[in-house]
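This is what each chain is made of:
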Amino acid sequence: MSGHILELHQVRKHFRNFTLSDINFTLPKGYIMGLVGPNGAGKSTTIKSIMNTVDIDSGSIRVLGKDTKKNEAAVKSTIGYVSDTCIFGDTWTVKNVAFLMKHIHPSWNSTTFNDYVKEFELPWNKPLKDFSRGMKLKLMLAAALSRDTSFLLLDEPTGGLDPVMRDRFLQLMQQYVEGGEHSILFSTHITTDLEKIADYITFIHGGNMIFTGETEELRSSFCLIKGSDRELKELKAEPVGIRRSSFGFEALMRTEHIRSLPHTVVVEAPTLDDIVVFHTLGNKESSLL
Amino acid sequence: MRVIISNSAGLPIYTQIKNQIKDAVLTGEFKEGDALPSIRKLAAELRVSVITTTKAYSELEDEGFISAVQGKGYFVTLNKERIREEYLYKIEHQLLEAIEFAKAAGITREELLETMSFLMREEDL
Numbered sequence: 001m002s003g004h005i006l007e008l009h010q011v012r013k014h015f016r017n018f019t020l021s022d023i024n025f026t027l028p029k030g031y032i033m034g035l036v037g038p039n040g041a042g043k044s045t046t047i048k049s050i051m052n053t054v055d056i057d058s059g060s061i062r063v064l065g066k067d068t069k070k071n072e073a074a075v076k077s078t079i080g081y082v083s084d085t086c087i088f089g090d091t092w093t094v095k096n097v098a099f100l101m102k103h104i105h106p107s108w109n110s111t112t113f114n115d116y117v118k119e120f121e122l123p124w125n126k127p128l129k130d131f132s133r134g135m136k137l138k139l140m141l142a143a144a145l146s147r148d149t150s151f152l153l154l155d156e157p158t159g160g161l162d163p164v165m166r167d168r169f170l171q172l173m174q175q176y177v178e179g180g181e182h183s184i185l186f187s188t189h190i191t192t193d194l195e196k197i198a199d200y201i202t203f204i205h206g207g208n209m210i211f212t213g214e215t216e217e218l219r220s221s222f223c224l225i226k227g228s229d230r231e232l233k234e235l236k237a238e239p240v241g242i243r244r245s246s247f248g249f250e251a252l253m254r255t256e257h258i259r260s261l262p263h264t265v266v267v268e269a270p271t272l273d274d275i276v277v278f279h280t281l282g283n284k285e286s287s288l289l
Numbered sequence: 001m002r003v004i005i006s007n008s009a010g011l012p013i014y015t016q017i018k019n020q021i022k023d024a025v026l027t028g029e030f031k032e033g034d035a036l037p038s039i040r041k042l043a044a045e046l047r048v049s050v051i052t053t054t055k056a057y058s059e060l061e062d063e064g065f066i067s068a069v070q071g072k073g074y075f076v077t078l079n080k081e082r083i084r085e086e087y088l089y090k091i092e093h094q095l096l097e098a099i100e101f102a103k104a105a106g107i108t109r110e111e112l113l114e115t116m117s118f119l120m121r122e123e124d125l
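Listed in order, the protein sequences are those of chains Z and B.
Position one of the first sequence corresponds to residue 1 (our numbering), numbered consecutively onward.
Position one of the second sequence corresponds to residue 1 (our numbering), numbered consecutively onward.
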């Protein structure tokens with residue numbers, strides 16, 4: 001078997017007004033990958049395709065070498081899934097969840113779950129409809145971490161968590177992959193924490209894959225430049241994205257164009273946020289000249 | 001050992017980790033034969049990606065500061081030859097910069113050598 005936990009090959013899904021097309025990436029064992037992009041880019045569709053709750057039109061998805069469509073039950077038992085909406089019923093309590101999970105999953109560990117419930121300060125007997133988004137997330141996370149899985153699939157897991165819990169979340173993620181056998185794919189638009197702990201990034205925009213590879217490689221493929229309108233006119237290469245103000249401009253360029261830049265512009269290393277934002281802004285404004 | 005990662009240092013995180021481990025070796029805080037934390041342990045501790053710490057260790061290995069023992073992890077191994085080579089390279093690099101400065105300011109060869117030997121005497125070299 002390959003050393004890959006997850007393989008997506010030419011995945012395509014067409015909706016009436018949105019198409020996810022040609023998504024290709026692999027995630028090796030023991031690593032964390034972040035799926036980034038603005039809202040509506042196709043992050044959730046990609047994740048739901050892996051869970052087979054979105055039926056893809058073409059292409060294939062393999063988890064631990066197994067096709068997700070042909071081996072749905074076997075594949076799902078190896079995945080710890082945290083969705084963007086709560087998968088448990090509104091009238092349920094934490095107690096009900098614990099009872100159900102114990103009977104569904106042979107590898108369920110009640111002690112681990114109890115410890116997380118205590119640590120996350122979740123009430124045992126309150127109906128989930130009275131839970132905040134952050135509390136529901138914590139519950140799903142606790143459930144995902146309380147059984148044997150080889151792969152965590154998390155859709156926007158840090159949204160709704162306070163900074164303290166976000167920090168604890170990152171620590172839990174790193175502990176999960178520490179042994180080198182488990183992997184994590186998580187989607188997010190909060191890229192600041194992700195930037196540090198993600199080994200790989202897959203960046204999608206408008207249903208298309210812009211980049212997949214090592215985080216550092218993504219950051220070094222682009223540079224952020226800042227300058228005046230006069231310098232903007234001297235640009236020989238088209239920027240990826242541009243933002244203009246009455247004081248000048250900021251633009252994201254591919255690093256290969258760095259030599260052709262006017263010497264006077266300020267060149268900086270972009271953050272992941274910059275990369276996502278400038279791709280979304282686009283370069284329409286540069287043609288207004 | 002102390003490793004501090006700065007977001008404003010302008011250096012890639014793996015370079016920051018590498019430099020600090022190097023310093024710990026050079027100041028003798030890490031001795032020959034000392035075990036280093038595993039790549040994955042270090043990543044988890046520092047809240048950085050596994051690829052980042054892998055890169056730091058592999059460069060330290062290339063530069064002769066540490067070496068991997070199959071199945072046991074990484075250890076400090078002072079490869080004196082390699083370290084000497086690296087320092088010689090650094091010295092050449094910085095001397096070259098000094099020569100460039102001298103050229104730019106019209107400082108003569110004699111003046112430069114004079115400064116050099118004065119400084120060496122001061123430092124007891």
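Hints are computed from structural coordinates only; laboratory data are not their basis.
Warning: the hint list may mix true and false statements.
To be verified - Some but not every residue of chain Z turned toward chain B, in silico, with C-beta under 7 Å: (1) 174; (2) 178; (3) 181; (4) 196; (5) 198; (6) 210; (7) 214.
Unchecked claim - Below are the DSS-like pairs computed for lysine-lysine, each with C-alpha atoms no more than 30 Å apart in a straight line: (8) 66/Z to 118/Z; (9) 22/B to 118/Z; (10) 196/Z to 80/B; (11) 70/Z to 95/Z; (12) 196/Z to 103/B; (13) 196/Z to 22/B; (14) 31/B to 95/Z; (15) 76/Z to 126/Z; (16) 55/B to 29/Z.
Quick reminder that beta carbons are idealized off the backbone N, C-alpha and C, glycines included.
Checked hints:
no., hint, result
1, 174, "holds, 4 Å"
2, 178, "holds, 5 Å"
3, 181, "violated, 11 Å"
4, 196, "holds, 5 Å"
5, 198, "holds, 6 Å"
6, 210, "violated, 20 Å"
7, 214, "holds, 6 Å"
8, 66/Z to 118/Z, "violated, 36 Å"
9, 22/B to 118/Z, "violated, 42 Å"
10, 196/Z to 80/B, "violated, 33 Å"
11, 70/Z to 95/Z, "violated, 33 Å"
12, 196/Z to 103/B, "violated, 43 Å"
13, 196/Z to 22/B, "holds, 22 Å"
14, 31/B to 95/Z, "violated, 53 Å"
15, 76/Z to 126/Z, "holds, 28 Å"
16, 55/B to 29/Z, "holds, 17 Å"
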